[in-house]
Amino acid sequence: MKKILFVNRQAPFGRSYAKESLDALLAASAYDQDISVLFSGDGVFQLIKDQQAKSIEQKNIASTLPALEMYDITKVFVQASALSARGLTTGQLAITAKPLNEAEISALANTQDSILSF
Amino acid sequence: MIFSLAVYAAPYSQEGSATALRFAESALRQGHQLYRVFFYADGVHNSSHLHTPPQDENNLPERWKALAESYEVDLVVCIAASLRRGILNSEEASRYEKPSHNCEAPFNISGLGQMIDACVNSDRVITFA
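Residue numbers (numbering that gives the first Met the number 0), protein chains in the order written: chain D, 0 to 117; chain V, 0 to 128.
Next up, chain D with everything else stripped away, as it sits in the complex (with noise of 0.2 Å):
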């Protein structure tokens, strides 16, 4: 079994990133490896609940979110730093994800076999 960290970096709606990582973490969650997911810098943005994407013709990424637990994604994480810069709590997120630290980042990072940075 691999440790595959995702990492999403990007805001949700400006480029496809944001959904196409949604994509392939759900469909790494069938090839049975150790899957964690990260979000940083603008990517915290996609965690926000309450997204209005309807408005501007997109599907909603904070919607589908909550089926990464179905598909047994547990390890979330989110930034910490990246958060605050951007005047956040995990209160405004639409699912649990772990507050990290730039040190405890490293570390998860320097665990991984094979990071997918999106």
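Everything labelled a hint here was simulated from the structure, so no lab data went into it. Fair warning: this is a prediction, and the values are worked out from it, not measured in the lab. There could be a bad hint or two in this list.
As the list claims (entries may be wrong) - Straight-line Cα separation of at most 30 Å, DSSO-like style, residue types lysine-lysine; simulated pairs:
| no. | chain 1 | residue 1 | chain 2 | residue 2 |
| --- | --- | --- | --- | --- |
| 1 | D | Lys18 | V | Lys97 |
| 2 | V | Lys64 | D | Lys18 |
| 3 | D | Lys53 | V | Lys97 |
Unchecked claim - Restraint ranges, calculated between C-beta atoms of paired labels, are given here:
| no. | chain 1 | residue 1 | chain 2 | residue 2 | range |
| --- | --- | --- | --- | --- | --- |
| 4 | D | Pro65 | V | Gln54 | 49 to 57 Å |
| 5 | D | Thr88 | V | Tyr70 | 48 to 56 Å |
| 6 | D | Asp41 | V | Gly110 | 24 to 32 Å |
| 7 | D | Ala106 | V | Ser89 | 25 to 33 Å |
| 8 | D | Glu68 | V | Tyr11 | 36 to 44 Å |
| 9 | V | Glu90 | D | Arg14 | 45 to 53 Å |
| 10 | D | Tyr70 | V | Arg94 | 26 to 34 Å |
| 11 | V | Met0 | D | Pro65 | 22 to 30 Å |
What the hints assert, rightly or not - A short, non-exhaustive set of chain V residues, derived as facing chain D with CB atoms under 7 Å:
| no. | residue |
| --- | --- |
| 12 | Phe2 |
| 13 | Ala40 |
| 14 | Ile115 |
| 15 | Thr126 |
C-beta atoms are modelled at their ideal positions from N, C-alpha and C, and glycine is treated no differently.
Chain D is fixed; fit chain V onto it per the hints.
Below, chain V alone, put in the same frame as chain D:
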């Protein structure tokens, strides 16, 4: 070392696709193995056979093709990402009743599982966005 590459960058719009190609060429020249190149997101545009750049510019799809032929590199294009961007092989074109196709061997259209399989079977996966 066994590498795989994940390419999300479109040719000519972002440097990432050309950098991925040069990385692949260098790694193979130095005797490393390239398990797979997985084209995802806008990176699927690298597989179009209809690119017609000016003659004094890099023809990236041709160079990917040459690389695949010299070293038997597995070039895989994500089906979900490619269909929505109009990258189709003859099989998908006939399935969706489209008048033409633009993706041919050595590029193979397949599923996202191939990217995860690349992670499992490679020492390093490098993303080019």
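Hint by hint, here is what the structure shows:
The straight-line distance between the Cα atoms of lysine 18 of chain D and lysine 97 of chain V is roughly 26 Å, inside the 30 Å bound, and the hint therefore holds. For the given pair, lysine 64 of chain V sits about 29 Å from lysine 18 of chain D by alpha-carbon distance, which is consistent with the 30 Å threshold. Of the supplied pair hints, the one linking lysine 53 of chain D and lysine 97 of chain V holds, its CA atoms being roughly 29 Å apart against a limit of 30 Å. Against the hinted window of 49 to 57 Å, the Cβ-Cβ separation of proline 65 of chain D and glutamine 54 of chain V comes to about 52 Å, which satisfies the hint.
For the pair threonine 88 of chain D and tyrosine 70 of chain V, the supplied restraint of 48 to 56 Å holds, since their beta-carbon distance comes to about 50 Å. For the pair aspartate 41 of chain D and glycine 110 of chain V, the supplied restraint of 24 to 32 Å holds, since their beta-carbon distance comes to about 28 Å. Taking 25 to 33 Å as the suggested C-beta distance range, the pair alanine 106 of chain D and serine 89 of chain V does not conform, at roughly 48 Å. In this structure the hint that glutamate 68 of chain D and tyrosine 11 of chain V lie 36 to 44 Å apart at CB holds, the actual value being about 40 Å.
The hinted window of 45 to 53 Å between glutamate 90 of chain V and arginine 14 of chain D is violated, with their beta carbons roughly 29 Å apart. Roughly 28 Å separates the CB atoms of tyrosine 70 of chain D and arginine 94 of chain V, a value that falls within the hinted 26 to 34 Å. As the Cβ distance of methionine 0 of chain V to proline 65 of chain D is approximately 38 Å, the hint placing it in 22 to 30 Å is violated. With a cut of 7 Å, the hint placing phenylalanine 2 of chain V at the interface with chain D is violated, because the nearest CB-to-CB distance is about 11 Å.
For alanine 40 of chain V, the shortest C-beta to C-beta distance to chain D is roughly 5 Å, which falls under 7 Å, so the interface hint holds. The restraint placing isoleucine 115 of chain V at the interface with chain D holds, with a minimum CB-CB distance near 5 Å, inside the 7 Å limit. For threonine 126 of chain V, the shortest C-beta to C-beta distance to chain D is roughly 5 Å, which falls under 7 Å, so the interface hint holds.
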